[in-house]
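J.: Put together the whole structure using the sequences plus the hints.
Heads up: the sequence lines are chains A and B, in that order. For my numbering, add 3 to where a residue sits in the first sequence, where the first one is 1. For my numbering, add 3 to where a residue sits in the second sequence, where the first one is 1.
Don't take each hint at face value.
Stated by the list, open to error - The list that follows gives simulated cross-link-like pairs (lysine-lysine, BS3-like), each with its CA atoms no further than 30 Å apart:
#1 477/B to 181/A
#2 276/B to 185/A
#3 380/A to 11/B
#4 127/A to 18/A
#5 475/B to 276/A
#6 409/B to 185/A
#7 380/B to 185/A
#8 181/B to 11/A
#9 327/B to 185/A
#10 276/A to 100/B
#11 54/A to 254/A
#12 185/B to 127/A
#13 39/B to 54/B
#14 477/B to 100/A
#15 18/B to 181/A
#16 100/B to 89/B
#17 62/A to 185/A
#18 39/A to 181/B
#19 100/B to 11/B
#20 11/A to 127/A
#21 18/A to 181/B
#22 185/B to 39/A
#23 100/B to 477/A
#24 181/A to 380/B
#25 127/B to 276/B
#26 54/A to 39/A
#27 276/A to 62/A
These are calculated hints, taken from the structure and not from any lab test.
There are 2 protein chains.
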Amino acid sequence: MTQDFYAKHRETLDKAMEATRTREFWSPYPEAPSGKIYGENAAAEGEAAFKARLHQPFKLEMPGIEGEVGEERSPYGFDLGIRYPKVNVNQLVPAMKHSLAAWRDAGPEVRAGVCAEILERLNKRSFEVAHAVMHTTGQAFVMAFQAGGTHAQDRGLEAVAYGLEAQTRTVSETRWVKPQGKRDPLEMDKRFRVIPRGLALMVGVSTFPTWNGYPGLFASLVTGNPVIVKPHPHTVLPLAITVEVAQEVLKEAGFDPWIVSLVTDTREAPVTKELAQREEVGVIDFTGSTEFGEWLERNCHQAQVYTEKAGVNSIVIDSTDNLKGMVQNLAFSLSLYSGQMCTTPQDIFVPRDGIETDQGHLSFDEVADAIAEGVRKFLSDNDRATAVIGAIQAEVTAERIGEAAKLGEVVLESETREHPQFEGARVRTPLILKVDAADEQAYSRELFGPISMIIATDSTEDSIARATRLAKEKGAITWGVYATDEGVLARMGEAALEAGVSVSENLTGGVYVNQTAAFSDYHATGANPAANASLCDSAFVANRFRVVETRRHAA
Amino acid sequence: MTQDFYAKHRETLDKAMEATRTREFWSPYPEAPSGKIYGENAAAEGEAAFKARLHQPFKLEMPGIEGEVGEERSPYGFDLGIRYPKVNVNQLVPAMKHSLAAWRDAGPEVRAGVCAEILERLNKRSFEVAHAVMHTTGQAFVMAFQAGGTHAQDRGLEAVAYGLEAQTRTVSETRWVKPQGKRDPLEMDKRFRVIPRGLALMVGVSTFPTWNGYPGLFASLVTGNPVIVKPHPHTVLPLAITVEVAQEVLKEAGFDPWIVSLVTDTREAPVTKELAQREEVGVIDFTGSTEFGEWLERNCHQAQVYTEKAGVNSIVIDSTDNLKGMVQNLAFSLSLYSGQMCTTPQDIFVPRDGIETDQGHLSFDEVADAIAEGVRKFLSDNDRATAVIGAIQAEVTAERIGEAAKLGEVVLESETREHPQFEGARVRTPLILKVDAADEQAYSRELFGPISMIIATDSTEDSIARATRLAKEKGAITWGVYATDEGVLARMGEAALEAGVSVSENLTGGVYVNQTAAFSDYHATGANPAANASLCDSAFVANRFRVVETRRHAA
Numbered sequence: 004m005t006q007d008f009y010a011k012h013r014e015t016l017d018k019a020m021e022a023t024r025t026r027e028f029w030s031p032y033p034e035a036p037s038g039k040i041y042g043e044n045a046a047a048e049g050e051a052a053f054k055a056r057l058h059q060p061f062k063l064e065m066p067g068i069e070g071e072v073g074e075e076r077s078p079y080g081f082d083l084g085i086r087y088p089k090v091n092v093n094q095l096v097p098a099m100k101h102s103l104a105a106w107r108d109a110g111p112e113v114r115a116g117v118c119a120e121i122l123e124r125l126n127k128r129s130f131e132v133a134h135a136v137m138h139t140t141g142q143a144f145v146m147a148f149q150a151g152g153t154h155a156q157d158r159g160l161e162a163v164a165y166g167l168e169a170q171t172r173t174v175s176e177t178r179w180v181k182p183q184g185k186r187d188p189l190e191m192d193k194r195f196r197v198i199p200r201g202l203a204l205m206v207g208v209s210t211f212p213t214w215n216g217y218p219g220l221f222a223s224l225v226t227g228n229p230v231i232v233k234p235h236p237h238t239v240l241p242l243a244i245t246v247e248v249a250q251e252v253l254k255e256a257g258f259d260p261w262i263v264s265l266v267t268d269t270r271e272a273p274v275t276k277e278l279a280q281r282e283e284v285g286v287i288d289f290t291g292s293t294e295f296g297e298w299l300e301r302n303c304h305q306a307q308v309y310t311e312k313a314g315v316n317s318i319v320i321d322s323t324d325n326l327k328g329m330v331q332n333l334a335f336s337l338s339l340y341s342g343q344m345c346t347t348p349q350d351i352f353v354p355r356d357g358i359e360t361d362q363g364h365l366s367f368d369e370v371a372d373a374i375a376e377g378v379r380k381f382l383s384d385n386d387r388a389t390a391v392i393g394a395i396q397a398e399v400t401a402e403r404i405g406e407a408a409k410l411g412e413v414v415l416e417s418e419t420r421e422h423p424q425f426e427g428a429r430v431r432t433p434l435i436l437k438v439d440a441a442d443e444q445a446y447s448r449e450l451f452g453p454i455s456m457i458i459a460t461d462s463t464e465d466s467i468a469r470a471t472r473l474a475k476e477k478g479a480i481t482w483g484v485y486a487t488d489e490g491v492l493a494r495m496g497e498a499a500l501e502a503g504v505s506v507s508e509n510l511t512g513g514v515y516v517n518q519t520a521a522f523s524d525y526h527a528t529g530a531n532p533a534a535n536a537s538l539c540d541s542a543f544v545a546n547r548f549r550v551v552e553t554r555r556h557a558a
Numbered sequence: 004m005t006q007d008f009y010a011k012h013r014e015t016l017d018k019a020m021e022a023t024r025t026r027e028f029w030s031p032y033p034e035a036p037s038g039k040i041y042g043e044n045a046a047a048e049g050e051a052a053f054k055a056r057l058h059q060p061f062k063l064e065m066p067g068i069e070g071e072v073g074e075e076r077s078p079y080g081f082d083l084g085i086r087y088p089k090v091n092v093n094q095l096v097p098a099m100k101h102s103l104a105a106w107r108d109a110g111p112e113v114r115a116g117v118c119a120e121i122l123e124r125l126n127k128r129s130f131e132v133a134h135a136v137m138h139t140t141g142q143a144f145v146m147a148f149q150a151g152g153t154h155a156q157d158r159g160l161e162a163v164a165y166g167l168e169a170q171t172r173t174v175s176e177t178r179w180v181k182p183q184g185k186r187d188p189l190e191m192d193k194r195f196r197v198i199p200r201g202l203a204l205m206v207g208v209s210t211f212p213t214w215n216g217y218p219g220l221f222a223s224l225v226t227g228n229p230v231i232v233k234p235h236p237h238t239v240l241p242l243a244i245t246v247e248v249a250q251e252v253l254k255e256a257g258f259d260p261w262i263v264s265l266v267t268d269t270r271e272a273p274v275t276k277e278l279a280q281r282e283e284v285g286v287i288d289f290t291g292s293t294e295f296g297e298w299l300e301r302n303c304h305q306a307q308v309y310t311e312k313a314g315v316n317s318i319v320i321d322s323t324d325n326l327k328g329m330v331q332n333l334a335f336s337l338s339l340y341s342g343q344m345c346t347t348p349q350d351i352f353v354p355r356d357g358i359e360t361d362q363g364h365l366s367f368d369e370v371a372d373a374i375a376e377g378v379r380k381f382l383s384d385n386d387r388a389t390a391v392i393g394a395i396q397a398e399v400t401a402e403r404i405g406e407a408a409k410l411g412e413v414v415l416e417s418e419t420r421e422h423p424q425f426e427g428a429r430v431r432t433p434l435i436l437k438v439d440a441a442d443e444q445a446y447s448r449e450l451f452g453p454i455s456m457i458i459a460t461d462s463t464e465d466s467i468a469r470a471t472r473l474a475k476e477k478g479a480i481t482w483g484v485y486a487t488d489e490g491v492l493a494r495m496g497e498a499a500l501e502a503g504v505s506v507s508e509n510l511t512g513g514v515y516v517n518q519t520a521a522f523s524d525y526h527a528t529g530a531n532p533a534a535n536a537s538l539c540d541s542a543f544v545a546n547r548f549r550v551v552e553t554r555r556h557a558a
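T.: Structure below.
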């Protein structure tokens with residue numbers, strides 16, 4: 004009676020596994036929020052579905068529900084009023100542990116089929132998810148549709164593909180025949196079964212709940228670990244919808260729906276630490292602060308812990324043969340989602356003697372002014388601006404802008420803007436400062452939000468050395484470099500190997516340093532303090548399961 | 004000028020990768036210590052080479068050598084007197100770090116070729132290595148040749164194969180072309196480079212320096228991490244020879260020989276903790292005590308730590324249709340290397356009401372007596388006995404036998420034997436006790452050495468439940484079960500999935516519960532407290548390296 008989701012999605016899964024090998028462009032989930040692709044009514048229906056959630060209880064199937072909890076407010080200025088189930092984890096966790104065996108014994112293919120079906124259904128609900136992401140994270144709508152919807156789905160499927168391949172690259176049964184000279188060979192029948200590490204805990208982040216959450220969620224699920232989704236208390240809805248869809252598919256496939264469960268808490272009564280140290284929890288995925296990430300790494304010895312934490316991303320500008328393209332590209336990167344991406348450049352290193360460009364030599368101040376002017380121009384049309392910068396997710400981020408302005412000479416002031424649709428939206432444009440490289444205090448820590456520094460260095464060598472040291476000490480997820488000389492690019496590449504950071508070279512077109520494409524680009528390397536894992540590679544899945552062997556003499 | 008070792012070994016490496024997938028029998032290193040295979044003079048030359056080492060300095064190429072160190076004594080009763088280089092790690096570590104870039108930039112194939120060449124040369128020196136293993140660990144000669152020589156080489160090549168595959172399953176360069184509707188596609192050229200985590204530290208164990216050491220050593224080396232080999236101070240020589248061979252091959256291949264280095268310490272002045280916490284160390288492999296393994300896991304946050312620790316291995320006897328075969332098989336397993344294997348069964352659970360066999364019903368006492376008598380008979384010929392049990396590696400193990408005898412009713416006393424060749428060899432036969440299942444204190448911790456317990460339980464269900472609890476709490480590397488009923492085997496199999504232990508069913512022939520074959524059997528699962536890793540799987544290699552990407556617009 005249960006659906007064969009593996010058969011249904013096998014071709015997609017095979018293509019996904021192949022894409023992770025070739026790393027060519029591939030995506031099964033179209034990123035355009037277009038009626039031609041998703042249906043003429045999809046946009047309206049998605050918005051209506053989102054609105055119908057507001058001020059209602061959100062129903063999920065989980066043992067141990069005891070009341071309601073919810074405190075979300077849209078960065079665009081209104082309360083969501085959604086009430087999520089409050090769960091007694093002392094009832095939920097044993098129930099999930101009890102449901103583990105059936106999920107484990109289903110095997111990798113069945114699990115991969117269920118995961119692919121969940122992702123396909125999420126894809127069909129991308130408009131609804133986009134509104135949910137927009138009104139919890141503050142992302143603008145198109146970005147919420149892409150980064151929160153289709154690109155997150157890509158990253159989820161990528162994790163499923165890695166997990167399926169890791170579990171199936173070796174046989175599940177074999178006949179082992181060892182020659183014994185003139186005597187009969189030794190013959191053994193062996194069976195190899197995948198077991199999960201236990202329950203998985205996915206701790207969601209407030210800004211990218213799905214994009215940063217799906218890799219861990221689906222990597223754990225496909226490898227047999229039932230998953231507790233613990234969203235940020237201010238960004239619950241996108242993950243609640245995800246859990247709802249997962250439960251629907253699990254049930255149809257004949258499994259207990261609470262194999263994917265949602266535990267919602269509040270800022271006042273957080274439950275993550277308690278959950279993370281439970282002996283049943285064998286895998287933890289976390290995106291968020293360095294402080295809490297390190298706490299998890301150092302205190303949850305029973306679990307495999309994957310973290311993405313803070314970092315300081317650098318751009319090294321040595322020279323360019325396309326000043327306009329460079330400025331436009333950087334202006335977009337600094338503006339996108341008001342710098343609230345873990346991939347937004349913060350520190351832009353420029354030699355104090357200036358740089359060579361296709362428009363002649365530019366002094367350091369001229370470079371700084373060109374970038375500031377690029378951002379000002381890009382954001383001059385308020386409708387276009389707000390469709391890119393979105394809103395500030397947390398009040399603390401907005402407050403940080405004012406404090407940061409004291410750290411250097413302001414070359415572009417942060418403005419508070421009105422949003423054309425949402426009165427009371429928390430909209431801020433980027434702040435750009437000039438500082439001297441000697442003023443390390445100013446630029447050597449993450450200043451999360453729309454805050455960037457243009458830093459005067461002794462030379463490009465000095466710029467590279469400072470970026471390298473920062474990445475090794477504070478972490479970095481992205482680097483960019485602008486140089487017309489292959490020798491400079493090579494030296495930046497060498498530094499990247501040392502610092503363990505990926506580099507985008509001379510971006511002047513429609514690819515941005517803060518964006519990575521699933522199946523092709525790795526997000527973070529796991530080789531510097533910004534993250535201990537990469538999205539997605541074999542290391543991200545291989546430790547989520549184990550193999551148990553039984554062997555006997557062949558009959 | 005440098006040799007193309009990858010081309011030379013490519014076929015072997017391809018076969019090795021294939022074997023890890025099919026898990027059929029395969030080995031490139033013949034296990035028979037035979038003149039027909041290794042050359043008529045190999046045995047004599049190997050012994051002579053070993054003897055020529057005694058009471059001499061052992062030369063290796065490493066920066067920072069400051070004097071000599073060495074305190075090895077053969078368990079067969081004589082001092083080795085070998086003096087190893089004493090190294091100043093504050094000079095060695097920076098030098099190894101400096102040599103890292105060339106090894107990293109050589110790429111996976113070159114590194115795999117070098118590793119395969121090292122293993123081939125070690126294979127040719129298997130007789131010499133066998134004597135070195137014998138006279139440090141106490142293993143009998145044939146076992147030292149196999150477990151210390153050829154089987155260790157198998158495990159090393161297995162790790163190389165996993166590492167090579169993990170690094171090369173994805174492309175190193177790609178052209179990424181993203182369609183943009185009617186506009187030109189976005190085109191990027193991307194390059195992906197493997198970087199190591201840093202330096203690797205392999206901490207050797209006194210009993211299986213090569214078998215337990217090669218997987219970590221070669222997994223780290225093939226993934227680009229220069230390796231510091233830190234042997235147990237009483238078991239240095241087998242790893243010193245390994246480092247010598249590695250340095251010879253590295254040099255021929257054009258690399259700094261100290262990319263594999265040996266740091267020898269003493270019991271009085273151990274250096275492992277200091278080394279393990281150095282920031283340059285990114286990977287640690289350890290086999291040994293639970294206490295020290297947990298210390299490494301909890302205190303070396305900068306490194307990926309792989310540990311194999313203590314455990315309590317169980318056999319569950321429910322019934323058998325081949326009593327003689329069962330007894331002979333168990334007698335060998337309990338005797339081999341005097342129970343000094345991490346895979347030796349310690350706890351044998353038998354229902355107190357006895358079992359059904361092909362020779363009728365046997366009471367609990369009759370089962371215990373049959374096993375004791377099997378061991379007694381197997382060891383009745385002293386020459387045959389000493390060729391299996393070897394010598395006791397450490398005095399503390401010999402002392403433990405006497406203390407353990409007080410824990411239950413002795414059914415087989417441990418004897419002190421004379422060795423036919425070596426006066427003063429520390430030879431002990433197995434001690435077997437009877438205890439009641441209620442006496443958990445007696446059998447619920449690892450009693451390393453030739454000590455086993457036959458435990459009276461309420462039923463086979465009780466036996467399985469106790470073995471399961473023990474494995475989950477104290478760890479286990481091996482389980483065996485004897486049952487004529489598939490239902491019982493299935494229940495043991497279910498328990499194995501829960502406890503995370505591999506099971507051998509009804510072993511009555513020439514395969515033993517304490518032996519695993521590389522490329523087919525996994526050694527440990529990593530799913531219970533006995534080990535956090537398995538030899539060898541993808542998880543064992545995937546976290547030893549990272550990928551750094553560079554991307555630029557396609558020209």
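J.: Decide, hint by hint, whether the structure agrees.
T.: Structure-based check of all given hints:
1. For the hint linking residue 477/B to residue 181/A, the alpha-carbon distance of about 33 Å lies beyond 30 Å, and the restraint is violated.
2. Restraint check for residue 276/B and residue 185/A: not satisfied, since their Cα atoms lie roughly 50 Å apart, outside the 30 Å limit.
3. For the hint linking residue 380/A to residue 11/B, the alpha-carbon distance of about 61 Å lies beyond 30 Å, and the restraint is violated.
4. Under the criterion of a C-alpha separation no larger than 30 Å, the hint pairing residue 127/A with residue 18/A is consistent with the structure, at around 20 Å.
5. Distance hint between residue 475/B and residue 276/A is fulfilled; the C-alpha atoms sit about 23 Å from each other, no more than 30 Å.
6. For the suggested pair residue 409/B and residue 185/A, the alpha carbons sit about 46 Å apart, so the restraint of at most 30 Å is broken.
7. With a CA separation close to 27 Å, the supplied pair residue 380/B and residue 185/A stays within the 30 Å bound.
8. In summary, the hint linking residue 181/B to residue 11/A is supported, as the alpha carbons are separated by about 26 Å, within the 30 Å threshold.
9. With a CA separation close to 24 Å, the supplied pair residue 327/B and residue 185/A stays within the 30 Å bound.
10. Taken as a hint, the residue 276/A and residue 100/B pair is broken in the structure, with Cα atoms around 37 Å apart against an allowance of 30 Å.
11. This hinted pair checks out: residue 54/A and residue 254/A have alpha carbons roughly 26 Å apart, not beyond 30 Å.
12. For the given pair, residue 185/B sits about 25 Å from residue 127/A by alpha-carbon distance, which is consistent with the 30 Å threshold.
13. Taken as a hint, the residue 39/B and residue 54/B pair is honoured in the structure, with Cα atoms around 23 Å apart against an allowance of 30 Å.
14. Taken as a hint, the residue 477/B and residue 100/A pair is honoured in the structure, with Cα atoms around 21 Å apart against an allowance of 30 Å.
15. The straight-line distance between the Cα atoms of residue 18/B and residue 181/A is roughly 16 Å, inside the 30 Å bound, and the hint therefore holds.
16. Proposed proximity of residue 100/B and residue 89/B is supported: the alpha carbons are some 19 Å apart, at most 30 Å.
17. Taking the CA atoms of residue 62/A and residue 185/A, the gap is near 69 Å; set against the 30 Å cutoff, the hint is violated.
18. Between the alpha carbons of residue 39/A and residue 181/B the distance comes to roughly 19 Å, so the proposed pair stays at or under 30 Å and holds.
19. The straight-line distance between the Cα atoms of residue 100/B and residue 11/B is roughly 28 Å, inside the 30 Å bound, and the hint therefore holds.
20. A threshold of 30 Å between alpha carbons decides the hint, and for residue 11/A with residue 127/A the separation of about 16 Å falls inside it, so the pair holds.
21. Note on residue 18/A and residue 181/B: the hinted pairing holds, with a Cα-Cα distance of about 16 Å set against a maximum of 30 Å.
22. Restraint check for residue 185/B and residue 39/A: satisfied, since their Cα atoms lie roughly 15 Å apart, inside the 30 Å limit.
23. A threshold of 30 Å between alpha carbons decides the hint, and for residue 100/B with residue 477/A the separation of about 21 Å falls inside it, so the pair holds.
24. Our distance criterion of 30 Å between C-alpha atoms is met by residue 181/A and residue 380/B, whose separation comes to about 28 Å.
25. Taking the CA atoms of residue 127/B and residue 276/B, the gap is near 34 Å; set against the 30 Å cutoff, the hint is violated.
26. About 23 Å separates the Cα atoms of residue 54/A and residue 39/A, which keeps this hinted pair within 30 Å; it holds.
27. A distance of roughly 25 Å separates the Cα atoms of residue 276/A and residue 62/A; the hinted pair therefore holds under the 30 Å criterion.
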